[in-house]
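**Student:** Got chain A; can you put chain B on it based on the hints?
There are 2 protein chains.
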Amino acid sequence: MDAENRLSYPGSRRTYIQGKLFPDVKVPMREVILSDTLLPDGTAHQNAPVAIYDCSGPWGDDSFHGNVEEGLPRLRESWILERGDVIRQTEGDASYLVAKSDTPVTQRHYAQQGIITPEMEYVAIRENLGREEAFKTVYDRYPNEKSRPQDAQQILDELTYMPRPSELEAQSGFGPKSMVARDQLTHQHVPEKRSGSRMPAYFTPEFVRDEIASGRALIPANINHPECEPMVIGRNFLVKINANIGNSALGSSIEEEVEKLRWAIHWGSDTVMDLSTGKNIHATREWILRNSPVPIGTVPIYQALEKVRGKVADLTWDIFRDTLIEQARQGVDYVTIHAALLKRFVNHTANRMTGIVSRGGSIMAQWSMIHGQENFLYDHWNEICEILAAYDIGISIGDGLRPGSIADANDFAQLAELEIQGDLTKRAWDRGVQVMNEGPGHVPMHLIAENMTKQLEWCLEAPFYTLGPLVTDIAPGYDHITGAIGGAMIAQRGCSMLCYVTQKEHLGLPDKQDVREAVVTYKLSAHAADLAKGHPSAQLRDNALAQARFEFRWEDQFNLALDPQKARSFHDLTLPHANAKKAHFCSMCGPDFCAMRLSQDIKKMGKEDTLS
Amino acid sequence: MDAENRLSYPGSRRTYIQGKLFPDVKVPMREVILSDTLLPDGTAHQNAPVAIYDCSGPWGDDSFHGNVEEGLPRLRESWILERGDVIRQTEGDASYLVAKSDTPVTQRHYAQQGIITPEMEYVAIRENLGREEAFKTVYDRYPNEKSRPQDAQQILDELTYMPRPSELEAQSGFGPKSMVARDQLTHQHVPEKRSGSRMPAYFTPEFVRDEIASGRALIPANINHPECEPMVIGRNFLVKINANIGNSALGSSIEEEVEKLRWAIHWGSDTVMDLSTGKNIHATREWILRNSPVPIGTVPIYQALEKVRGKVADLTWDIFRDTLIEQARQGVDYVTIHAALLKRFVNHTANRMTGIVSRGGSIMAQWSMIHGQENFLYDHWNEICEILAAYDIGISIGDGLRPGSIADANDFAQLAELEIQGDLTKRAWDRGVQVMNEGPGHVPMHLIAENMTKQLEWCLEAPFYTLGPLVTDIAPGYDHITGAIGGAMIAQRGCSMLCYVTQKEHLGLPDKQDVREAVVTYKLSAHAADLAKGHPSAQLRDNALAQARFEFRWEDQFNLALDPQKARSFHDLTLPHANAKKAHFCSMCGPDFCAMRLSQDIKKMGKEDTLS
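Chains as they are written, first to last, in this note's numbering: chain A, 1 to 612; chain B, 1 to 612.
Okay, chain A solo, but in the shape it has when bound (with noise of 0.2 Å):
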């Protein structure tokens, strides 16, 4: 397993974007050539790349010849030294850097300082998706010096501006009651007010220091995880997906556990979690860490608990305490910790349909139950954001109590939990700790804007990292889509991070076939919501792919979609000929009844019209 075993994307480039304060910042975007527009006069339009968000680091890259036994190169390394706030420590084989003192080495810490991090300008050169490109675009639509603006920053300022309804009716004079407002340089759609968001038209380092400094936003990026390509998740920046990997007793190897993370990354995932919970759980993750260029996620008292021989009775602080460390000195970017989880919540799940669902949720409050005692991971609070300080994990405070049904959802368990969140979050954020949140779960749909406006209110706007929602519980063998409309509304409100659900949930371990399908579902669903909150760029890529529909440019079509692969083959399956891929129409309609070349004969004769 190396390098040549390459994933690859058709007709796309790999192409790197310098960064300006931090020339050794490098940016990967994968870019999808387009072939040209043919003109009715027969010349040729020449259509711009398409700059696309890329996760796969250097497994993506062509000119890259690593082997999964080397790992990657050690992207951050240099930085992290040059700040000279961690010593390197050595302890058996292994060897680690920690902060050198009681000061917080975490991006939020620097945020505070007013200091610009690599890390930060290389998320805002990543989350601006080769928008230098629209800088372009807008000084062409001004050829007339007079009437162009001075200021490009002006310019992009106006991409976002939005024009009243009574302006378009003066515009067009008559029709329709109202219009809605759109963009008439981006050929986009202005966001509705109500997401919340505040996405500049342009993301800046400064932009996002600020961010990361008011809470809002989190880079998880672990001072042992040199290898990691740093991105952020907040509201006010690209909804980020993560996938689930990790092997049970019942299945799996290392070697398909890095496959995997090696396949999650390739079809997008900005994130993946090792929710590994059988034997060789240090093996695995040191494996997934150093072929990872994506944070990975963990959450600890699984291996805590295998250290117990699985005896929740036995776990203590200690033993937890010994394993957050172990596993901050192996890299580990963020942890799910389940502190929010308190004992007299627990009785309130008595009368649930489905009880406790979450893994290290039930593990905590049947600790609880056995000792009669507070949950340790809330008592020990404190010392657990200090670890998390000096290594730079992030944390992903769980939520325990999630429903585990329609029924039981926005119930009093999990809003008590979710208040108890918060609090957790103000008390990391005094210590130097990144923060998100962990929510739902089994939600529908009427009740997902009150988690997100409860969570956005009580957590003070921290990231909100859900699991799905499912919108329903009836559809077993179709959750990964369930879970992908609740993620879209839930994201579109301002939820950062969507965690995936494969169309396997509660029947069975997800294959990799599973994987793709569960990873693309949850990148068209943060897709579609990056569309509705108005990421500045998001549009591009839809544009371009319709457009490339329109004028049957069948190859720009399939390279532009999000899996190019499954896109082709279901074209291939009705018309397999090469030469159907110049076709001006598809299987579905037949060559007499295509409504798009009606449309385009319809579009020529009004270019007629005109001239006669």
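Source of the hints: derived by calculation from the structure; they are not laboratory data.
Treat the hints with care, since some could be wrong.
Same chains, same label: a pair holds when it works inside one copy or across any pair of copies.
Straight-line Cα separation of at most 30 Å, DSBU-like style, residue types lysine-lysine; simulated pairs [unchecked claim]:
1) K604 with K343
2) K279 with K307
3) K581 with K512
4) K311 with K581
5) K100 with K581
6) K512 with K566
7) K512 with K100
8) K26 with K311
9) K566 with K307
10) K426 with K604
11) K307 with K343
12) K581 with K279
13) K279 with K512
14) K604 with K307
15) K604 with K311
16) K343 with K426
All values reported here derive from a predicted model rather than from experimental measurement.
**Tutor:** Leaving out everything else, chain B in the frame of chain A:
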């Protein structure tokens, strides 16, 4: 191909609920038989069967032994004839019913006269989903005669009682800052008010009549399609879904189309549109109608165009009218007519990203441009309505200018046409015709609400019937999901029927497995909206499935699923042995780590605590 090639659901039996007003009304339901819950004391609690809405007609009844050549029993024939307002006529080989006079023979006309038809009682029973059981449940909850309310209707009203947050706070005394209201009796969430639905706790024939009379709902049921089992489309009923079938020039045969019909209704399609454009349109439709227990819709302009060998310029009103009458006499239940696409709107599509993407729309636009005349469907609207009223064909006013891309959503052309759809709706209603309006298409999430609110306002709550909407353009190969996201959201806000989109959309022709995937996907999407809108029986199935899941009743979990075979096959992939169906864990976490089991242990510990 006959009844013996039966498609069946495991663990289910067919039952019929008899009408009270019309004893020959017998509404089919599929009951899923559940196994017992084993209680800790060793006794068993018997779980009531769960009634499922069943679209499969006689094909889903084991005691039916007909075949495709004979067609289905003529269920509604006596109801139609007994109204005494139709006569049988013969033309060539064909014999058909038609209105005796100019008076409409439509469900709308009867409803407005205050008449409750067997069709209305049929759909009332159907919508209750075995809700008679709910009465019993309520009585069981009031064993004390004194505290038992006098009237069952009164109790059912209470089922939708919404406690105020302050009441709940008083009850709980402490805890989260606010709580979501939840119905304490049904364990079902209270719907949000904003959905605007006026769904009653119990559907009566009179309620159905009132909805039909007001135009908020329709029962598509041509007097020449007596095989059709009545169903209702309207925002105050269950959300319905439609599957498209139909041969195109490039593939498929009559036999395949009838098989697709049976397949689509087996998985739960509420109506089926025959969109054939190739040869044998008439014969294909005849086979489909005689074998369909669900309403069949068509787009008559497709056949009209075939009659002029695909030459748009040669289309005339006379050819269209004759085609419409031909289809009316065969028994088509609803027709899409693109009459709201006015000539002056066509220019407004010239600068679109994807022009006109509706086949019917592009035909009419092209015709208008060629002849310089207004759309003849608009000009002949009154005549069209008179034909439809004489057979009780529902009209589905087409949206020929629906957006074909995110970029074109909610633009001038689309909304201008919607406004005309509203005008035509009123005119059709005045002529006794049942009406719905077709809607987009491709719409980003934040613009979906506008589509729905404008449609409700401009078309006076006539049912909305949408294709998707697809919430992004970047996922060809996954457009059943992009459409299911938009579909769930627009249905939550009042859309009455969703037209499915298969994963082959934009790419190729769907095969059987694509149809199954798409139907199930739209069923879950529609059901998610039913939950959010607070359909009084919707959550029963979620609750039953969630309880089965919590109690490790695997077979019940599979059998209650929308796609039991898929759920079971996914489970069997990792745990194939028969005794794994009784295991108190699944392959996802393995035996040592099961959150569900840990949670049951907690429950047990809580009980022991109480005892000690």
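**Student:** Cα distance capped at 30 Å. Does K343 pair with K426 within a copy, between copies, both, or neither?
**Tutor:** within (21 Å within a copy, 61 Å between copies)
**Student:** Classify it for me, K307 with K343: is the Cα-Cα distance of at most 30 Å met within a copy, between copies, both or neither?
**Tutor:** within (23 Å within a copy, 75 Å between copies)
**Student:** My question is about K604 and K307: at a cut-off of 30 Å on alpha-carbon distance, are they close within one copy, between copies, both, or neither?
**Tutor:** Cα proximity of K604 and K307: across copies only (26 Å, versus 73 Å in one copy).
**Student:** Give the relationship of K581 and K512 under a CA distance limit of 30 Å: within one copy only, between copies only, both, or neither.
**Tutor:** Cα proximity of K581 and K512: in one copy and across copies (29 Å, 24 Å).
**Student:** Could you place K279 and K512 in one of the four classes (within, between, both, neither) given a Cα distance threshold of 30 Å?
**Tutor:** within (21 Å within a copy, 42 Å between copies)
**Student:** Under a CA distance limit of 30 Å, which applies to K512 and K100: within one copy, between copies, both, or neither?
**Tutor:** neither (42 Å within a copy, 63 Å between copies)
**Student:** Up to 30 Å between alpha-carbons, please classify K566 paired with K307: within, between, both or neither.
**Tutor:** neither (43 Å within a copy, 37 Å between copies)
**Student:** At most 30 Å between CA atoms: does that hold for K512 and K566 within a copy, between copies, both, or neither?
**Tutor:** both (14 Å within a copy, 17 Å between copies)
**Student:** One pair to classify: K604 and K311, alpha carbons no more than 30 Å apart. Within, between, both, or neither?
**Tutor:** between (75 Å within a copy, 17 Å between copies)
**Student:** For K604 and K343, with the copy left unspecified, which applies at a CA distance of at most 30 Å: within, between, both, or neither?
**Tutor:** between (71 Å within a copy, 16 Å between copies)
**Student:** Treating 30 Å as the Cα threshold, decide for K26 and K311: within, between, both or neither.
**Tutor:** Answer is neither; intra-copy 47 Å and inter-copy 57 Å both fail.
**Student:** Using 30 Å as the alpha carbon limit, work out where K100 and K581 are close: within a copy, between copies, both or neither.
**Tutor:** neither (60 Å within a copy, 54 Å between copies)
Taken one by one, the earlier hints fail for this structure at numbers 5, 7, 8, 9, 10, listed in ascending order.
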